[in-house]
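Fit chain B to the given chain A structure using the hints.
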Amino acid sequence: MVAIYFVASIFNASLVLNSLEKAFQTFVKLLPVLVLVFGVIFVVNLLLNPEKIKRHLGHDSGIKGWFFASAASVLIVSPPYVVFPLLGQLKEHGMRYSLMAVFLGNRNVQPAFLPVMAFYFGLPFTVVISVYILIFSVLSGIIMGKVMKESESIPMSDVAGIV
Amino acid sequence: MKIAFKKTLQTLKMSLPIMAGILMLISLLNPLFEIYYPRIFTGNYFLDPLIGAIAGSVSFGIPVASYVVGGELIKGGVSLLAVAAFILSWSTVGLVVLPLEIASLGKKFAVWRNSLNFVFSIIISILTILTLKFIL
Chain A
1 MVAIYFVASI FNASLVLNSL EKAFQTFVKL LPVLVLVFGV IFVVNLLLNP EKIKRHLGHD
61 SGIKGWFFAS AASVLIVSPP YVVFPLLGQL KEHGMRYSLM AVFLGNRNVQ PAFLPVMAFY
121 FGLPFTVVIS VYILIFSVLS GIIMGKVMKE SESIPMSDVA GIV
Chain B
1001 MKIAFKKTLQ TLKMSLPIMA GILMLISLLN PLFEIYYPRI FTGNYFLDPL IGAIAGSVSF
1061 GIPVASYVVG GELIKGGVSL LAVAAFILSW STVGLVVLPL EIASLGKKFA VWRNSLNFVF
1121 SIIISILTIL TLKFIL
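Note that the protein sequences, when read in sequence, are chains A and B. So for the first sequence, the numbering used here puts the first residue at 1; every next one is plus one. So for the second sequence, the numbering used here puts the first residue at 1001; every next one is plus one.
Looking at chain A on its own, in the form it has when it is part of the complex (with noise of 0.2 Å):
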């Protein structure tokens, strides 16, 4: 980044004055906002661990593991180099296609992140899209599911038990 602000201040220094003035607004506009989101990071760190999302996402997971796939992708914040070994751990695990196909669903879900996303396209849009992505990954999930010709066995205990 450096590099590329010097190459552009040798061309035009006032147009790299004027950015580099307007980056550091909004980052300080920002601030509050990020120290907000860590803190959110901070305490889901606290409660989750991959062995308890292990224990969850299994074959026998049944709705209980469409639940917990959701809920992990909502709380986990980690970049794709990241998640997608873990998700390659989990399946070595038996984590169920269709669970991986809502997890990578819903990432833009974060409680972490969604201060950010309000802070700059405002509440309503923050709660409505979150609403369709979280819709829209159990739809996925079904979908991927049936591609890769998954058995679909929901333990209907686990539907007495929601029902």
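It is worth saying that the hints were derived from the structure and are not from the lab. Please note: incorrect hints may appear among the correct ones.
Below, in silico cross-link-like pairs of lysine-lysine (DSSO-like), each with a Cα-Cα straight-line distance of 27 Å or less [what the hints assert, rightly or not]:
no. : chain 1 : residue 1 : chain 2 : residue 2
1   : B       : K1075     : A       : K91
2   : B       : K1006     : A       : K146
3   : A       : K149      : B       : K1107
4   : A       : K22       : B       : K1075
5   : A       : K64       : A       : K149
6   : B       : K1013     : B       : K1002
Just a sample of chain B residues kept apart from chain A, beta carbon distances all over 10 Å, derived [as the list claims (entries may be wrong)]:
no. : residue
7   : R1039
8   : N1044
9   : Y1067
10  : G1077
Ideal Cβ placement from N, Cα and C applies to all residues, glycine included.
Then chain B, alone, in the frame of chain A:
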């Protein structure tokens, strides 16, 4: 408690430089390109999210970075419709990291999931904007 703090610090270390870098890049590029945005993003209910979804698909990262980019693009004149598709495909479709997804989860799963999420990012963005128009 210590582990949770360490993990949070790691996330902080990883996220802040990315966000600062993206902010700096967008602040530099926006003034150069914002005159073209109104011509590209006309508010068309299919083309705007399609372009947004394509742009988001070639980039992939933590969702919060896409909010920063999207927010700055809106200030530059890009439609919310396009930005909604952009932020959705940013975190759910990853052409750059497709080899990693294939290696971890298999080719069939990776190709199908990415294709499906690309289409869904367009549909969700359209539904979101229509819903907002209806309720607000």
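Legend entry - Violations among the numbered hints, reported as their numbers in ascending order: 1, 2 and 9
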